[in-house]
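When the count follows my numbering, it moves up by one through the sequence shown with no breaks and lands on 221 for the last residue.
To be clear, the hints were calculated from the coordinates, so they are not data collected in a lab.
Here are the simulated SDA-like pairs of lysine to any residue, each with C-alpha atoms no more than 25 Å apart in a straight line:
#1 Lys121 <-> Leu104
#2 Lys121 <-> Ser166
#3 Lys121 <-> His170
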Amino acid sequence: MTEHAGRLAEVLKVNLGLSVESTHGGIGLDLKGERMIAFLAARQLTTRGPDHAPQWKVYRRQIRSGLLAVLRLNAANDAIEDYLLLPFRLKAGRYVWLSDDSLTRHHAARFATFEALAEDVKVRLGESTRAGSTKRALRNRRTKQGRPKTKSARVRH
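Generate the whole structure from the sequences, applying the supplied hints.
In structure tokens form, the structure reads like this:
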């Protein structure tokens, strides 16, 4: 996981010119003092039977903000099957339970390769770190307190 965090930090530095700091023992990346992304591994649980879908369980640690990049492991838990990118708006709790059916509920994006995951993070950060418009914001004018306009041209007396 520290290798993946380092690779993503290098991609962000080269492509976007962002300087990110490694945190949480090398699994997290911070940008300007705020948590940006954390890499976690999800172990596949033993299947209960042929009718049950595979499930993964990931320990979220003390990570409280940012994106979670989850590396889902295969059935033997010895190789990476795919990558997930989850927003932090998950329910409170130390563990996140994942299955193929629960990905939409968790608003997760699924990627087959690390390069695809890095490209998505790069696009998200490129949009969020752009400078705002240089035009001045228009002020809301207070409306005049008075009689409402009538449908006809005549004014009631």
